[in-house]
Structure formats: structure tokens, C-alpha cells
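Asks: Residue numbering for the sequence shown is -15 to -1, 1 to 238, as defined by mature numbering (1 follows the signal peptide of the UniProt record, and there is no 0).
Wrong hints could be hidden among the right ones.
[Stated by the list, open to error] Straight-line C-alpha distance at most 27 Å; calculated DSSO-like pairs for lysine-lysine:
| no. | residue 1 | residue 2 |
| --- | --- | --- |
| 1 | K167 | K106 |
| 2 | K106 | K187 |
| 3 | K119 | K187 |
| 4 | K167 | K187 |
| 5 | K72 | K167 |
| 6 | K106 | K119 |
| 7 | K106 | K72 |
Because the hints were derived from the structure by calculation, they are not lab data.
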Amino acid sequence: MMYLITALLLSLALAGEDSSEKREKFTFTEYDDDFARQIMFPISTAAYGWNALMIESCLNRTIGEGAGIYQYSHSCQNGECSGFVAKLPHYGAIIIGFRGTQRPGQLIQQGIDSTIRAWSKWDYGGHISLYFNKTFHTIWQGLEHRVYMYIYEHPDWDIWIGGHSLGGALATLATFFLVHSKLVQPDAVKLMTFGQPRVGDKAFADAFDNEVGYAYRVVHSRDIVPSIPRSGYWHQGAEVIDALICIFISWFF
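All chains, please: the whole structure from these sequences, using the hints.
Replies: Structure representation (C-alpha cells):
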């Protein structure tokens, strides 16, 4: 009988510590393949959902949960851009995902604004693509109030930010903004993008790398998007070449 009582008390104690234990699973400072495939890739794919219900369904089927999902979409040049924020209580994390390029015309517009038109000044260092700057501010204005609310409610949670293609560029800017503005602790933020284009010039990349500690770009060697725009643009963060994940992306989209 005493053994059963002890076992019960132990199980209750472990249940009470479950949240912290789950957070320990993803406590690292370098690229982690399980984290990329099990968490960040689903976040980037979920961002393609047309509404919060679709995003919730995607997160539940992949990560296993998704609470407080809030999505904001807005028309952008030659397409629609979108982002979402949600909670993963099981992991003690706030997640932010941005949708990627959807139409050929949208991709062409990105190229025009990034190569032909003037640079756009980034307030926190360097210059970035005009298209990325305009699109980020448009989507962020619709998301930020919910992001700030979740950060206020859970100040000790991690912040995981991701996106594919254009979504990766927007995720990069969101990460830089949050860290530079001191709205979150730098070591609580993890950025991982897939097939992300270059966002800004060398001054921007250097400023980003000086402030953001965890930032990885998963790319495919045959994907042209990460190599554009070319003239004057530099990549930030560390590059990870992964054929398998990128093949999955091509199947989905």
C-alpha cells in the first residue's frame, strides 16, 4: 500500500513538472535536426493555411497542438500575404509563422522591387528589399498586438519564428525587430527558415548576426530562390543544406 501511495505521489510530482521537462527537450544553441523537422517545418507549412482553422488542423496533425491561433492576411502586390501567431503550451513556446510566395506575379514583383527599385532603409542597420520591407510592416501591423499580448502573458516562454520562401524573409525581419526592440530575450528566440531569399545588404546581415544568436536557413542546393536577389545582397544567419526537407516542400506547394 505504501508503495502505491509513493508511486502516486511521484507521478503527480512528475505531472506538475511536465511543462518544464518538455521545454528541456529543445534547449540547445546549435542546429537540431529533430527540432527542424518536428517543429519548425510544420510551423512554416501551417502558415499556408487559409484561415485559423486550417492552421490549427495542420499544427495538431504535425506538432500535436496549437492554441490561441490568430492569423492576419492582407493583400500585397500581385498576391496575398499572411502570418499567424499561436501558443504551444506543451513546449512553453510562442510560435510565429509567415506564408511564402504563392503566385508567379508575386515572385516577379519581389524581383522588380529587389533589383530595379531603390533600397529601403532598415531602421536597425543596413538596407533591405523594398518589397520585403513593405510586406513585413503590412503584416506585422496586424499581428503585433497579439504577439505582444502572448509575450506579456508568458514572459518565460520561448519564441520560435519560421517561414518558407517569402515567409522566411518576413520571419527574419520579425526576429530582428523583436530582438532589437528588447521585447524578448535574445536567447529565447529561435529563427529557422526554408528556401529563404536574401533580405538585405551586408550591413543588414552583419547587424542581424550581431544581435540574433539562433538563426538557420535550410536550403536545397538546386533551389534558385536562396541565391536571389544577387547584386548587393547578403545572407544572414547560418546555412543548412537539406535535400529531404526541401523535397517535401516541393511536394506540398
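Asks: Identify every previously stated hint that the structure contradicts and give their numbers, smallest first.
Replies: 7
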